[in-house]
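Asker: Take a look at the letters that make up each chain.
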Amino acid sequence: MVSIKDRAEKAVNKQAAIGADIDLNEYEAADVKAHEHIDSLDDLTKSDKDTLTSVGMMTDEEDRSASFLQMDQSEVFVNNMFPGVEVMGTAQALEKYDWLPDYMWKAVQVDADKYTATTELGAKSGYFIRSLPGTKLELPIQACMYIGDDSVRQTAHNIIIAEEGSEINIITGCSTAAHVDNAAHIGVSEFYLKKNSKITFTMVHNWAREVDVRPRTGVIMDDNSTYISNYILTKPVRNLQAYPTAYANGQNTKVFFQSILAGKYDSVIDQGSRTVLNGINSQSEMITRAISEDESKIITRGDLHGKAHEAKGHLECMGLILSDESKIYSIPELRGDCTDMELSHEAAVGKIAEAEIQYLMARGLTEDEAASMIVRGFLDIDIKGLPEELAKETKNIMDLSMEGM
Amino acid sequence: MLLEISDLEVEVEGKKILNGVNLKIAEGETHVLLGPNGAGKSTLFMTILGFPKYEVTKGKIIYKGQDITSLETHERIALGLGVTFQNPPAIRGVKLKDLLKIVDKNEYESNDELDEEVIKLGERLKLNEQFLNRDVNLGFSGGEVKRSELLQLLAQQPDFIMFDEPDSGVDIENVELISKEIINLLDQENDNSKKGGLLITHLGYILRFVNATHAHVLIDGKITRTGDPEEIMSDIRKSGFGEA
Ligand SMILES: Nc1ncnc2c1ncn2[C@@H]1O[C@H](COP(=O)(O)OP(=O)(O)OP(=O)(O)O)[C@@H](O)[C@H]1O
Ligand SMILES: [Mg+2]
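Heads up: the protein sequence lines correspond to chains A and B, in order.
For the first sequence, my numbering assigns the number 368 to the initial residue and increments by one for each residue that follows.
For the second sequence, my numbering assigns the number 9 to the initial residue and increments by one for each residue that follows.
Just so you know, the hints here were simulated from the structure itself, not pulled from any lab data.
The C-beta atom is built at its ideal place from N, Cα and C for all residues, glycine as well.
Please note: incorrect hints may appear among the correct ones.
Each pair of labels, with its calculated beta carbon distance range [stated by the list, open to error]:
1. B/R245 <-> A/E692: 50 to 58 Å
2. A/T706 <-> B/F249: 53 to 61 Å
3. B/V64 <-> A/E755: 37 to 45 Å
4. A/D766 <-> B/G46: 38 to 46 Å
5. B/L146 <-> A/A758: 17 to 25 Å
6. B/E35 <-> A/E755: 43 to 51 Å
7. A/A722 <-> B/N119: 24 to 32 Å
8. B/N45 <-> A/A722: 16 to 24 Å
The following block holds chain B by itself, in its conformation from the complex (with noise of 0.2 Å):
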């Protein structure tokens, strides 16, 4: 099992968010996780990510066999989880190329250039590497963002990834070019794929690209439904999580 999540509730700045949530995902599968503004789905990648803010009082997250559940942020990252944000701040002075210094497996030193391998992976998401040398975030259009991001975890080829909504704000053409680094990154076409993923979305359109295995549905914090993608889709397409 590459992550186990048990009875997790989380409480943040005094306010219960989470409340008992159950999740398993193996190797090999992606996982879509729906639900309504507030439900607490940015929350639950928070906490497996350990942002000190993120307290959990009950329960427990395994990942590859070991509780990670006290372990510091970057400890996590250093295991291989990645993630791709939904709103990431814009750093000042920091330059989306410093970034991928950081998370790309080679060593730097300070003056380096940035590895010509990593230039490419920019140019498949179209971000050249002018753009590279922005302050990142900063200014960046809506699917720049979810590019920029989707291009850090290039870099860093994480195990374990979560994609907070990564198809909001795209236009059609670049959810499927999105879509196709998804499947890259979670290396979908290999049936033997060691890599898992959890993603949200509302709109459900990349997933006439990307293969889900699992969905579930979160509300007011718990799982409330797990099944079959489409299926739950369709249902809340016609009706609402209500009777989700």
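The shape of chain A in the complex, shown without the other chains (with noise of 0.2 Å):
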């Protein structure tokens, strides 16, 4: 059999199936003894904390039940706080269970391109995040992948597995520091659902104008095991492109996807979501919401394939197009191969509607703050599936994120 290494070794050089391809030698890889241990969230700069925060990252760590911070490719923070999960570092996670490799690279394949490849040759980085069965826990448990000098290229392998019967939220922000305007990041994530557990995953994305980004997502679901997922990216990057995918195997699955983008400056982001309807009875609902700005471009993907009799899909996205220069192409696709099944797609691409605006300027608006109101609004999305404080917690880190919008 060929080995994982081979295999990656193989596709090192191999262009991912979209998106623009990043030279990976322009950047560097950083060791994982760059950056030291702290003992505390707190010991790190106001900057940097700051920085933490808008990506809803609580540096004081107040209601969350586990952190994780990894800087460049240095695990620099840990710490578990609730018993019923254990969030380590991938590396140690290896070590210490001998089993985890049964884990790596089955949601995401090591050889899908040149990101993936990279990923599993460079140095262990990432984190491993597992519930175990019967936890029950509200409280979110945060991991943040920080980039915090220039020219980096960071990897990051996580591994996140519920195991039968929990429930845990996770909060993940990804950002530069606030000096950095240059690096790549790259991060694999892989989701393991068993029976009957449930995952919310909130991820914010905070990066700078000149920073590819290439997440690489994959989520395998057993029976009657629901996955959420809230992507917001509301600030610039040169080069985002991801298709997370998730693998609703089991019978009576959930999956929800919700994206918010907003292009500016010169950003190109190519930003998809596909479920594979394997279970019977399997449902996902994917809801994107995008808008575009300066001379942004924004693709944003969806595909739902229905596999299984009594399958469900729904797809939507709606995009707002505010500046002539800028482009959002919807491209949905829906495949069934059965009957007994039934997908959906709705999309809708374009302007502000003049009627929209004049009705809040009669109600006493500029137009700028009519046409801010709107995008907000537009913008809104209802997130599904968080208990009612956690959502109204990432409704405020939704805010924050799209504050001066």
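Hints in hand, dock the two standalone chains.
Answerer: Structure (structure tokens):
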């Protein structure tokens, strides 16, 4: 059998199926020891703390059950505050659990492209999160991928396992330090949801204008499990391409993908979500709201693949184009492989309706205030499946990341 | 004089819609604007509000003695103009509550609750607190749209109010409710009311409750007749706009 390493080596120059081909050699792989461990998130500089807060990471760790922080390639902080959940670096988890390789490169293919291959061949970083059977934890686990130096190529291989009957909420923020302009981030995330488990995964991206981003995400789901993803990108980036895929293999599985995308400056954002409905009565709902400003370009993709009876899927993409120089392309795909399943999609791309602006102006707003209120409303999608408190907080995180829009 | 319009000509996208409109409305007066579909009634409202698309090519609009012809919409609203729309658009993600916070006189921080007084106004219009949390006009019934428009004005308390068909699509019972609030808004029970109104209606049933002092007939962008509301309404009922 060909080893994982061999497969990675063969794919190390393989261009991805979609997205611009990033020359990863322009960036430097950072050393895992480059940054030292800290005892408390409070030990970070004020500027770093502010950046973390802006992506939902509480530096006082209040209302959190665990924290993980990776800076460049180094794990700098990990703290477990509740039994029932284990959070640690992936490298450490590999030492601790000899079964862990069974979960590596099963939800994402190691030779999918140069980004997955590079992650495998580089220094082992990233986080491991596992909720033990039956654990139900409302307080979220927070994890952050932070780029602290210019020209860094950050890789992470994250493994998230929800054991049977467990329910967890994860908030991840990814950001560059305020002074960093130019960097690359590759994050491989593999989720495994056992029977009757549930994960909500809220991810806020806050990169800089010269940052290339290639997340690679796969989700494997057993019977009666639920996966909810909220993805928020409202800050500039150079080139981001992601197409997370959920394999709803079990019966009665439920998948929600919600994405809020704002293109600024000359950002190129190619963001999709895919669900393969393999399980009987599996369901998926994927919603994207995108706005484009300046010269940005957004491609939103959606792919629903119905392969089992009673599977249901709905795809919705709404785009608002706010400048003549920007573009939004919406590419929805529905694939039905059997009878007795139901897939639908709804997409609309356009500018802000003049009647809506006028209506708000008649209530006393200026034209700009009216436009901004409409845009905020447009991006304000209901967050599904979160407990009330957490839904509120997620809304706050979204509001925070939309500040100044 | 509250509002004084003289010789107003208006183009929309290069097409002339209003063709020399003259109109004077004093404090304490409520005027009715009648006319066939497409005559330019709503266009007159939009022009008084100053929407960019409605280009004034001739004439003037004087409000409380000030020439507002080239003011921006939000400046006119700040001076005390208010309107209920004939067909307001739905806005996804913008809640009726958010609009009420904009128009009422309180200063709100982003997470503040809506003022109790405004919530009570909503109840008066049969729009409960839960309803105020809905996206504005999204899936509202015809009657709810009209009541939500009035609620926004009750919170705003403008001095000069334009009502664009507040009664269309409203059942008889709700016409009475709406009329009552229009009377409140215009302070009609006060002989010294400082408010003024201009109301567009087709059926005129609402005039059984709301006291109109003058009526105008607008045809092809021109006012062709001005006079007593009851006389004019009854002529129109008898022989249409041709004779009026
Ligand atoms: N924004 C616009 N763009 C193009 N044409 C317009 C616009 N607004 C109004 N018009 C045209 O101007 C004319 C007058 O329209 P307006 O809405 O003012 O009529 P109205 O008297 O209110 O009619 P109704 O009784 O049907 O409400 C119509 O022919 C209409 O199509
Ligand atoms: Mg009209």
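Asker: Give a verdict on every hint.
Answerer: Cross-check of the supplied hints:
1. Taking the beta carbon of each, B/R245 and A/E692 are about 56 Å apart, inside 50 to 58 Å as hinted.
2. At about 59 Å, the beta-carbon gap between A/T706 and B/F249 stays in the expected band of 53 to 61 Å.
3. For B/V64 and A/E755, the Cβ-Cβ distance of about 51 Å falls outside the hinted range of 37 to 45 Å, so the restraint is violated.
4. Take A/D766 and B/G46: their Cβ atoms lie about 44 Å apart, and the range 38 to 46 Å holds.
5. A C-beta distance of roughly 20 Å is found between B/L146 and A/A758, which places it inside the suggested range of 17 to 25 Å.
6. Separation of B/E35 from A/E755 is about 50 Å and conforms to the stated range, judged on CB atoms against 43 to 51 Å.
7. Judged by the Cβ atoms, the range 24 to 32 Å given for A/A722 and B/N119 holds: they are separated by roughly 29 Å.
8. One distance hint, 16 to 24 Å for the beta-carbon pair B/N45 and A/A722, holds here, with the actual separation near 19 Å.
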